[in-house]
Amino acid sequence: MSTETLMAYDEALERFEPVLGMEVHVELGTASKMFCGCRAEFGGAPNTQVCPVCLALPGSLPVANEKAIESTIRIGLALNCSIASWCRFARKNYFYPDMPKNYQISQYDEPLCTDGYLDVEVDGRIVRVEIERVHLEEDTGKSTHVGGATGRIQGADHSIVDYNRAGIPLVEIVTRPIEGTDRLAPEIARAYVAELRELMRALGVSDVRMEEGSLRCDVNVSLMPRGTSTWGTRTETKNVNSLRSVERAVRHEIERQGAILADGGRIIQETRHFHEDTGATTAGRSKEEAQDYRYFPEPDLVPIAPDPEWVESLRSGLPELPRVRRGRLQEEWGASDLDMRSMHNADAIDLVEATVAAGAAPADARKWWMGELARRANEAGSALVELAITPVQVARVCAMVAEGAVNDKLARQVLEGVLAGEGGPDEVVERRGLRVVSDEGELSAIIDQVIADNAAAADKVRGGKVAAVGALVGGVMKASRGKADAGRARELILAKLGVSE
Amino acid sequence: MSLIRKSAAELGALLGAGEVSAVEVAQAHLDRVAEIDGKVHAFLHVAAESALAQARAIDERRAKGERLGPLAGVPIAHKDVFTTSDMPTTAGSKILQGWRPPYDATVTRRLREAGLVILGKTNLDEFAMGSSTENSAFGPTRNPWDLTRVPGGSSGGSSAAVAAYAAPLSTGTDTGGSIRQPAAVTGIVGMKPTYGGSSRYGLIAFASSLDTPGPFARNVLDAALLHEAFSGHDPMDSTSIDAPVPGVVEAAKRADIAGLRVGVVREFDSEGFQAGVVARFHETVELLESLGAKVVELSCPSFTTALPAYYLIAPSECSSNLARFDAMRYGLRVGDDGERSAEEVMAMTRAAGFGPEVKRRIMLGTYALSSGYYDAYYGQAQKVRTLIARDFEAAFHQVDVLISPTTPTTAFPIGERVDDPMAMYLADLCTIPANLAGNAAISIPCGLADEDGLPVGLQIMAPVLGDDRCYRVGAALETALESRWGGPLLSKAPAL
Ligand SMILES: [Zn+2]
Chain A
1 MSTETLMAYD EALERFEPVL GMEVHVELGT ASKMFCGCRA EFGGAPNTQV
51 CPVCLALPGS LPVANEKAIE STIRIGLALN CSIASWCRFA RKNYFYPDMP
101 KNYQISQYDE PLCTDGYLDV EVDGRIVRVE IERVHLEEDT GKSTHVGGAT
151 GRIQGADHSI VDYNRAGIPL VEIVTRPIEG TDRLAPEIAR AYVAELRELM
201 RALGVSDVRM EEGSLRCDVN VSLMPRGTST WGTRTETKNV NSLRSVERAV
251 RHEIERQGAI LADGGRIIQE TRHFHEDTGA TTAGRSKEEA QDYRYFPEPD
301 LVPIAPDPEW VESLRSGLPE LPRVRRGRLQ EEWGASDLDM RSMHNADAID
351 LVEATVAAGA APADARKWWM GELARRANEA GSALVELAIT PVQVARVCAM
401 VAEGAVNDKL ARQVLEGVLA GEGGPDEVVE RRGLRVVSDE GELSAIIDQV
451 IADNAAAADK VRGGKVAAVG ALVGGVMKAS RGKADAGRAR ELILAKLGVS
501 E
Chain B
1 MSLIRKSAAE LGALLGAGEV SAVEVAQAHL DRVAEIDGKV HAFLHVAAES
51 ALAQARAIDE RRAKGERLGP LAGVPIAHKD VFTTSDMPTT AGSKILQGWR
101 PPYDATVTRR LREAGLVILG KTNLDEFAMG SSTENSAFGP TRNPWDLTRV
151 PGGSSGGSSA AVAAYAAPLS TGTDTGGSIR QPAAVTGIVG MKPTYGGSSR
201 YGLIAFASSL DTPGPFARNV LDAALLHEAF SGHDPMDSTS IDAPVPGVVE
251 AAKRADIAGL RVGVVREFDS EGFQAGVVAR FHETVELLES LGAKVVELSC
301 PSFTTALPAY YLIAPSECSS NLARFDAMRY GLRVGDDGER SAEEVMAMTR
351 AAGFGPEVKR RIMLGTYALS SGYYDAYYGQ AQKVRTLIAR DFEAAFHQVD
401 VLISPTTPTT AFPIGERVDD PMAMYLADLC TIPANLAGNA AISIPCGLAD
451 EDGLPVGLQI MAPVLGDDRC YRVGAALETA LESRWGGPLL SKAPAL
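So the sequence lines, in the order shown, correspond to chains A and B. All residue numbers for the first sequence refer to the UniProt record's numbering, where the first residue is 1 and numbers rise by one. All residue numbers for the second sequence refer to the UniProt record's numbering, where the first residue is 1 and numbers rise by one.
Derived from the structure by calculation, the hints contain no laboratory data. A few of these clues could be false.
Computed spacing ranges between beta-carbons, pair by pair [stated by the list, open to error]:
1) Thr48/A / Ser50/B: 51 to 61 Å
2) Thr48/A / Tyr373/B: 41 to 51 Å
3) Glu179/A / Ala423/B: 39 to 49 Å
4) Val302/A / Ala258/B: 37 to 47 Å
5) Ala352/B / Gly43/A: 34 to 44 Å
6) Glu24/B / Asp307/A: 53 to 63 Å
7) Glu179/A / Pro301/B: 48 to 58 Å
8) Ser159/A / Ala57/B: 41 to 51 Å
9) Gly284/A / Ala57/B: 55 to 65 Å
10) Glu331/A / Pro244/B: 55 to 65 Å
11) Asp307/A / Glu451/B: 53 to 63 Å
12) Ala388/A / Ala352/B: 55 to 65 Å
13) Glu24/B / Tyr94/A: 28 to 38 Å
14) Ala352/B / Ser159/A: 15 to 25 Å
Don't be surprised by glycine CBs; every beta carbon is placed ideally from N, CA and C.
If we strip away everything but chain A, and leave its shape as in the complex, we get:
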């Protein structure tokens, strides 16, 4: 890996203005592939979900998946695009072993959806990202390069190809150049992908798992010196596979390009790879010797001409879109802007909503997901949604606290038990014996003992220093191993000491 000079982010931003561009590929979750009847599911044994069509056997022909066309139109509508009344597939010709036909059926100058936008929110500011086009194509197979150090083709002994992915419907969403992002370029890039991902989920068109590659992101970055308006040469960083990486990749490109430009160098138009471990990008294929894809209209398929009435019915059937939904939930939950933003950033909104739906008070649901559970997810380096606990279980814990069956401290232990796989909340309470001591006799005995052991503190309280009761309550909690109801213990101590507040 080259040791590149970077310019401090702040300095780069002082001298240059970034222009972003995003290309996002979304694998549609259709039952079958784009042009054949093979299952489109992720994770089958290699080369088991294939047929003459997706292996490009001689003589085979594609038949377009209607459901994929429908999903693409719905995505276009949700992105406020115009839907073409007539358009065609095109062949994109280039040789690569994981592409069975050695051409990809895609769309070229006649995309299905054009000219839309997506509003994203960053730091309380709404940024409108303009969408240039949304088109439909097919995915390639997946190459694995064996024997090299990097897992890339360079240096590998041989490569193996799994064609299960070949022909899975892929929607490409391309933005227009995003200007005026200023310092927030990395955050806006991230927010755009996050918003897009939520939109896909709301539409139910894809599972949009970045780590499995069902949402893949290419990030274009260029810089122009402050005070000028001519865009610089851009680089395209390919397959940035997490939200955090999107942000880091943009930041890194700004720092890298800033250093080169400040040094009088020039940016090479090229594709770059992002490295999760270092947060750096390295050069890939240079685009200056641009591939000629020899696009032409796909003669094996008939044009797509969606019936306008059908398009209108799809429009009216669109679900509530994520930003609208967040507004509604904020109102329903009585949450602050800051709370909503932090839930959104932590991908907690769905979880909180499901927890509320399971009976929890919104504030409680938020408290647990954004507090204890977020902390644990962070420790484990995983996403909230990946924690081994369901919203229904969290709602049950909320209910236990509300009933007074456990206190917050015990509730944390319940969550810990559930996460450790000890069973549901009730089972964990049972097994670990985590019930609050509510038996007055038992509690009374503990209190008597604590007063006897802490005579000095008890005297202070008797003498009017009510604040000193805290030490006694702490003693009770300790003696009961946290199972006592602290509020009730305080009441009883004060009563026994003859003090009223």
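Since chain A is already given, all that's left is putting chain B with the ligand on it; use the hints.
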């Protein structure tokens, strides 16, 4: 008369009446193949065992009293460009030598469903690119009329098989004339259905927007019977037309053309054509008039630009269609020594596996599609295509069918044009417009040229989905011509 001289319709009737068994019929044709194919080389693969097994199965079904179609038990030769799950499929190319497809083409499947007995796979120009069968990687086929001459192409193995009585029927594909031109030069009937009327699924693609499967036979009715057997909508082919098959068998039986308006294409009635071809063509025009047809001359000016447009569109599509032959998943693999990269192996395989004409067209097409040239070449050719469709449309406002010679010359000697692609391409001059517009067109024999005694073909062109008109006019002319000749033209062919 021996079984091999009988028409498909006659064989069907004999089989239906139980006067002959499918096994006997298949055996008679397999014997004929064994007798003549050393000279003709119509077949790339003879499937004697499976043919006899198929025939036996048909006989058994009939013995059980099952009602079978009109062609059940009739033998057929199948162009080796359709996939067959039980026979190799090569498309005439070394790059696919030994490949066994795991699936049947729709046409293959429908042949089997109709009870046709597939004798084997016939020779063709590599990937159906050519007009002489000389571009086959497995050696040329010879014309049964004169073994020193070509049988036309690309479906030359299929035309020769039928003309040599090795099969009463065969399949072909027509991209620029690959059925009609071989039919014309071997003195048989060959039909290019409306594009989309017959399925391309399992047909190894040359030029997707032009390729059309169609039938060969020794008479018009037989061709119609086969046409009906394998045509019709196929959900596996998006470009297949979802409409009923035109009533081609009815039309072939009706054969009445009184009052029919026939247009002679002025552009194809010109100098440069062989004298014997022009003479037979003009005689046929007079014959049509004597049968009660109204013949008018009309102009289709764009037809003269069809050939160059075709030689941009077809190679462009082929350059992309043939990209899949990359040594990765099937077929030939050259140079894979464990050291070379996939890209090197791909290049070496393609260099070794494709013949010169295929390479020529891949390069032509790659160039025509490349950035900066697309508009001038491919784009322009598509515009010509629109003009040709308009000329057809205008013509069919005035007339019911258009006629022309099928091809400007009779069968040319083997080797004569191999080094002169332009001369070779001219063989398809008259047939290409119907491909570019997607129309139906048939070639029927209309006599022998005086100067060489070789067959001349008449082309009858009809509108899209007007396939029945080709058969109606073809059958009427066939009856009149055969009564003039005192029998089928093919009976004048020298014995092999
Ligand atoms: Zn498949």
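Q: Given the range 53 to 63 Å, decide if the beta-carbon distance of Glu24/B to Asp307/A lies inside it.
A: holds, 56 Å
**Q.** Cβ distance range 15 to 25 Å for Ala352/B and Ser159/A, holds or violated
**A.** Distance hint for Ala352/B, Ser159/A holds at roughly 22 Å.
**Q.** Supplied distance hint 41 to 51 Å, evaluated on CB atoms of Ser159/A and Ala57/B
**A.** Given range 41 to 51 Å: holds, Cβ gap about 46 Å.
Q. Can the suggested window of 55 to 65 Å be confirmed for the beta-carbon pair Ala388/A and Ala352/B?
A. Given about 57 Å between the Cβ atoms, the range holds.
Q: Using the Cβ atoms, figure out if Ala352/B sits within 34 to 44 Å of Gly43/A.
A: Distance hint for Ala352/B, Gly43/A holds at roughly 39 Å.
Q: Given the range 53 to 63 Å, decide if the beta-carbon distance of Asp307/A to Glu451/B lies inside it.
A: The hint (53 to 63 Å, Cβ to Cβ) holds, given that Asp307/A and Glu451/B are roughly 60 Å apart.
Q. Do the beta carbons of Gly284/A and Ala57/B sit within 55 to 65 Å of each other?
A. holds, 58 Å
(Q) Looking only at beta-carbon atoms, does the pair Thr48/A, Ser50/B fall within the given range of 51 to 61 Å? (A) violated, 30 Å
Q: Just tell me: holds or violated, for the beta carbon distance of Glu179/A and Pro301/B against 48 to 58 Å?
A: holds, 53 Å
Q: Look at the Cβ atoms of Val302/A and Ala258/B and judge whether their distance stays inside 37 to 47 Å.
A: Since Val302/A and Ala258/B have Cβ atoms about 39 Å apart, the given range 37 to 47 Å holds.
Q: Go ahead and decide if the range 55 to 65 Å is satisfied by the Cβ distance of Glu331/A to Pro244/B.
A: Taking Cβ atoms as reference, Glu331/A and Pro244/B lie about 60 Å apart, which means the hint holds.
Q. Is the distance from the Cβ of Glu179/A to the Cβ of Ala423/B consistent with 39 to 49 Å?
A. Since the Cβ atoms of Glu179/A and Ala423/B sit about 60 Å apart, the hinted range of 39 to 49 Å is violated.
The structure fails hints 1, 3, 13 (numbered hints given earlier, in ascending order).
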